[in-house]
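**Q** Sequence:
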Amino acid sequence: MKYDVNEKGYYGEFGGAWIPEMMYTNINELRHRYLEIIESPDFKKEFDQLMKDYVGRPSPLYFAGRLSEHYGTNIYLKREDLNHTGSHKLNNTVGQILLAGRLGKKRIIAETGAGQHGVATATVCALKGLKCIVYMGALDVQRQAPNVKKMKMLGAEVVPVHSGNKTLKDATNEAMRDWINNPEDTHYIIGSVVGPHPFPDMVARFQSVISLEMKKQLSEQTGSEFPSRILACVGGGSNAAGAFYHYLDHEQVELIGVEAAGKGVDTNETAATLLVGSPGVLHASRTMLMQNKDGQITEPYSISAGLDYPGIGPLHAHLFKSGRAKFLAATDEEVLKAAVLLTQKEGIIPALESAHALAALEKLEMKPDDVNVINLSGSGNKDMETYLNYFGY
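Adding 15 to a residue's 1-based position in the sequence shown gives its number in the numbering used here.
Calculated from the structure, these hints are not laboratory results. Since we're looking at a predicted model, the values are computed, not measured. Hints are supplied without guarantee of correctness; some may be wrong.
In silico lysine to any residue, SDA-like type, Cα no more than 20 Å apart, as pairs [unchecked claim]: (1) 59 / 116; (2) 278 / 402; (3) 360 / 348; (4) 231 / 64; (5) 59 / 48; (6) 341 / 19.
Let the sequences and hints guide you as you build the complete structure.
**A** This is the structure:
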């Protein structure tokens, strides 16, 4: 089975570039130049230097002793929450801002849900002195106010989007409209492994630093670079793509993605795309998505703004369809309990997104000698208001 993208931008039956004619110039330029640029020695040198000295990589692989004891197995946390800006998102935005510079772009646009990608984009635009516009659903602007303030302090213009259910899908729609109207000077930094080819492949490559480090760290700490399983939350799926990337061809490693069940997969308030969705085209890519019998997008719901998306990256759709990865779903209630458990066992407050992966531990049968790696994709600092409101602290 082949898990990397083919020359037409497909992972099996999913992917491609289902784009309007007005977007062709932008996508064609990227498709023909991205590999040449990101594989060049000068790009790699600058990217590696920024990963080390600016992002703070490698991120630690932490053995969670008390959490391991609680579950009767071995649990390691890949600490992406300790990166500069507090999540894995900066791995991708550093790569894309360097790419944009080599393409001669002076204006950067982005979409964001939880705000972490918006903050990461605003951060690299400040670093490189480029104009930054971030589209964000109006609902997410309210529930992720601290990140909105950070983006503005970094010099970005935050544009609230009031269409649809005012969340990530709608912000992505507006960002794509902007890019169509400004093809000459603008680069769109997509925040996940979604959208038209080559974005899913490009973002996965930048995030693959996670699993590259993981292999070395596991070898040093356990004597083997191959864990029993890797768990990661999945919305669009960039942190999961990065955590899975260097293990895709190693079938002995179980790959588990965890979607947002919201109020439950049997309700209308969920974002568990693979469990309730079907094949279709969303944001210029053929993938699995939530839609009604007429092909209209079903509005997603999750307590987590970063997973509140009605689709999934085409790589993950392929991993699901091929059976290479297993996908579970965690409800809001399960996620909040998992977040508190980690906090009180290890003194680490996770992002609501990351807590979905933690919640899956309750659903698995694990052996005492198993090695389980959870990609802790983000810090819970941005979610403190949600936690405080829920628990009444």
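**Q** Under the constraints set out in the numbered hints, which ones does this structure not fulfil?
**A** Hints that this structure does not satisfy do not exist here, as all of them hold.
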